[in-house]
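Undergrad: As you go down the protein sequences, you meet chains A and B in turn.
Each residue of the first sequence is one higher than the last, beginning at 1 in my numbering.
Each residue of the second sequence is one higher than the last, beginning at 1 in my numbering.
Don't read these hints as lab results, they were simulated from the structure.
The C-beta atom is built at its ideal place from N, Cα and C for all residues, glycine as well.
Any given hint could be a false lead.
[As the list claims (entries may be wrong)] Quick list of simulated restraints, FRET-style, between CB atoms:
1) 20(B) - 195(A): 23 to 29 angstroms
2) 16(B) - 218(A): 56 to 62 angstroms
3) 22(B) - 215(A): 55 to 61 angstroms
4) 246(A) - 254(B): 54 to 60 angstroms
5) 9(A) - 22(B): 35 to 41 angstroms
6) 189(A) - 224(B): 35 to 41 angstroms
7) 131(A) - 137(B): 21 to 27 angstroms
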Amino acid sequence: MSAVAEQRSSFARVPAAFRLQFAVPGTMIGVPVLVFVAAWALALGIVVWVHQVDDRGADLAAEPIYTGASQAALWCLVFMAAYSATHAFPFSMALSYSRRVFVIGAFLAFAALSLGFGAAYALAAWIEDITGGYGIEAYNFDLPYLTEGPGGILSAGLAMTVVCLMLMLLAFGVTMFYQRVGLLAFWAALLGTVAVLAAAVMLVTVNDGWGTVWEWLQNQTALSISGWLMLPTLGFGVLSYVTIRKSVPASS
Amino acid sequence: MSYDTTGTAAQVRGVTRRYRSATALDDVTVGFQQDMIHGLLGRNGAGKTSLMSIVTGQDWPSEGEVDVFGQRPHENEQVLPRICFVREDQRYIDDAKASHAFNAAALAFPNWDWGLAERLISDFNLPQKTRIKKMSKGQRSAVAVIIGLASRADITFFDEPYMGLDAVARQTFYDRLLQDYAEHPRTIVLSSHLIDEIAHLIENVVLIDSGRVLLTEPVEQLRGRAVTLVGRADAVREITADREVLSRESLGRMERTTVLGALTETEQRRMVELDVDVVPVSLQQLVVHLTTRDPQSGDQEVAR
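Okay, chain B solo, but in the shape it has when bound (with noise of 0.2 angstroms):
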């Protein structure tokens, strides 16, 4: 695999990580391209913070080499600043407040907006006079949010942010994502494995699995690879009998199936004729599908 590397936020080249009784990542080589949210996806254990640990130079590979901007990343002050990565499980200085976090957050990150940062505070409703180590679980993710937000960091890591945050605090932090993203362009990687929960935020999919990159493709050229048709059980079945299928649902005497590739010109008209509509595919349906599809009959579909 190649990649142009002008545009290019971070780049891993042949990267391996041993630790002593487990392979965490295996040769594993990415972009992150610049000003661009992109979705680092894959199963509990697949090499998720792994891959962000060494990017951002927590951690540093057995083999293989990371760029940032340009730049080494591992004990490197000239690119270390730019970059933010807050842990899903951070820990904290014993007994501070969050206002205490945000204090040194503030002086160690150039960019950082306090603005911003108030705002997402009251937004979250985050308590003032608690300590970290006493807040809920939801309350610690917050704070770690507020300073990956607040950092304006040129590249930030979020590791699975929606950890503990309940429906309401999600959405927040979702449109204020969005929104201080389109103000201010920067490159963000979104950790999850919780997959259909952040694709409408992001832009590029990178998918790991058992510390492999199995495929990095932009989502709308990945959505473009299966089609879900939702119809009369009959005529979804008549449309879709030669194709692979990802998933089939029925509900009576409806049907809604997932196929692989994008339809014909033949296929759209019949469509019409049977009645049968296209929704959106699930990102999630895919991205299950090709990460356990047998090896052998679709690696060289998957692995491009």
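Isolated chain A (complex conformation) (with noise of 0.2 angstroms):
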């Protein structure tokens, strides 16, 4: 063995750095997905419930039902992304992967998942359009302010996936914060997170701001919504890096 190896690219590990977050198969893909079927078919259960107990009948199926069971897989897949930050990255030091590397894995394969994610929910949202809520206008994914905007069924998917990827960044950058500085100053840096928020929420009081602001937020679509996204979930991931980059892993 010599003390001299060929060059190689700096990120030939990648691959398998993405591969590394689904080393154990249930997890990342399988918990999610049995979660989103599971959440589907309990909201879709709890509406055929409501119509049989409800003695209004007929005029109560006319009326559409709207739940928030597509939300479960998402957070499931944020917790995911925590996990990730507290057991595949003292995992990935020992087995010597660069920080870089194993971030540059980890956030692809969270892109992956938001995509899958994404798809999953348009397919949903577009199966619940089709067959009117499945005869009973029970709607789970096909969400009016969702899928009403320019794009329909795509944006939706595309909001639900930058959403899914920015949640799931800043599950795993707040976790890699907290791990690295410890209880007290995540604390401080939560209040202090907290106190910036307050000001801006004081600033467009006295402002006579909220008019404008809930106007705003009123003409966004599905579509410029996942444009804004993309700029917070651009933040989570460089802080998320800058984080790690100094980060020793904790042991078991």
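From these two lone chains plus the hints, build me the complex, please.
TA: What follows is the structure, encoded as structure tokens:
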């Protein structure tokens, strides 16, 4: 074995770092898929039950019922992203990955999962659209504020992809930050963030700006929200890497 | 201290690592020669794990420099794939079974050998269906040892690898390590606070205490620093009268005494006359003596 090895690309192990996120097949794919399907079935079951116990019967069926069941898999994925920061990161150090390669691999994996979630969301919304909410006006995915803009269901899928990626990066970054700085500094940073938000709220209130804010929000579509959310997503990604660059892996 | 860097796998120069409340390493300079088994010895909390974390790029020095195969390891993908360091208390992906960890390791390490990994899995009787977090301490150690050996990384660090392993598993590890090292020479660093446990494996000793390197020396040379004499108490006492005694054990009329320094020819002749035997000195005794001696009297000899 010589001390001189051939020069290799510094990103040669990115595909391996990507696959590291799926090392235990159940956690990143199996569980979210299960949650997606189970929450969907549960929400439908509840709507059917509501119809049965309500004696207004046909009148009620004409009124669409909207549920938030579509979010369950989203939160599941966000939880998995935090797990990746606490468990996959220390393990990646034992596998001698640079933090940069680990982070690139993890973020690509999060992007792939978010795309998968967005696609599944759009597909489910499309099914609800063409079946009229399974014939009983029950909607878990085809929610008007997401699907009734330019681009329709596809825009909703895109928006959910971006929201999912943003929240995964946020969860990953916050967990990483917490591990790096400890409990006290973590709460200090959290309170600092709350203080900044409170100052922003006060600023809007003092300037009688709420009308403008609501107007702006109402004018947004799924498509434009996706665009705006790209900004914090990028920000969280960069902050995560800055945090992890000098993080020391915790042991078990 | 200066080192010849040719043939050096890892070189540490003037490294200090301070944490908020403590200094883990204090101006450490040490080289790990290539294709050799090194013992990184020291008491608990001496700085062994800190030093290994820094050499492997998992941590970084507050001051000083580290080179591994001539390059800085921190965030350096040119050299990191050639390094393997699984911690004694390594954290794995939650719910991972051993096979999941090995699959991930096979993707990460370019020299990974599945044949060796599978032999070791069967040698250690590692359960295939148990999740790592549900494993016993010994089984978890076996997972770390298997990743360390099968990665065939050019420089591999084992952090107290015998922890939790029973006597049979420990022997298996030592046998497989020597066997694979003979076939695929590489640089191996074993950390330990139980010195005699790994004394027969190592060729070079790096002794660290309170964050400082006390000595770095080939084992043979170190052993030559002292002798252990066994014989009748009066005979042994006669020969060792003017010597610095490291340890003395009496068993009835017999005595077993370890003294510093090699024997002169006169002493050797006298030993034959008095029927006193020389036995190999315990590395542990020697190291304990060298680390606990009064710094004022023995500084010259220890910190060469």
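Undergrad: For the pair residue 131(A) and residue 137(B), does the Cβ-Cβ distance stay inside 21 to 27 angstroms?
TA: The hint (21 to 27 angstroms, Cβ to Cβ) is violated, given that residue 131(A) and residue 137(B) are roughly 55 angstroms apart.
Undergrad: Are residue 22(B) and residue 215(A) spaced within 55 to 61 angstroms by their CB atoms?
TA: holds, 57 angstroms
Undergrad: Does the Cβ pair residue 189(A), residue 224(B) satisfy 35 to 41 angstroms?
TA: Since residue 189(A) and residue 224(B) have Cβ atoms about 58 angstroms apart, the given range 35 to 41 angstroms is violated.
Undergrad: So does residue 16(B) sit 56 to 62 angstroms from residue 218(A), Cβ to Cβ?
TA: holds, 59 angstroms
Undergrad: Please test the hint of 54 to 60 angstroms on the beta carbon pair from residue 246(A) and residue 254(B).
TA: Holds, at about 59 angstroms.
Undergrad: Using the beta carbons of residue 20(B) and residue 195(A), state whether their distance is inside 23 to 29 angstroms or not.
TA: Distance hint for residue 20(B), residue 195(A) holds at roughly 26 angstroms.
Undergrad: Quick check: does the Cβ-Cβ distance between residue 9(A) and residue 22(B) fall within 35 to 41 angstroms?
TA: holds, 39 angstroms
The structure is inconsistent with the numbered hints 6 and 7, although it conforms to all the rest.
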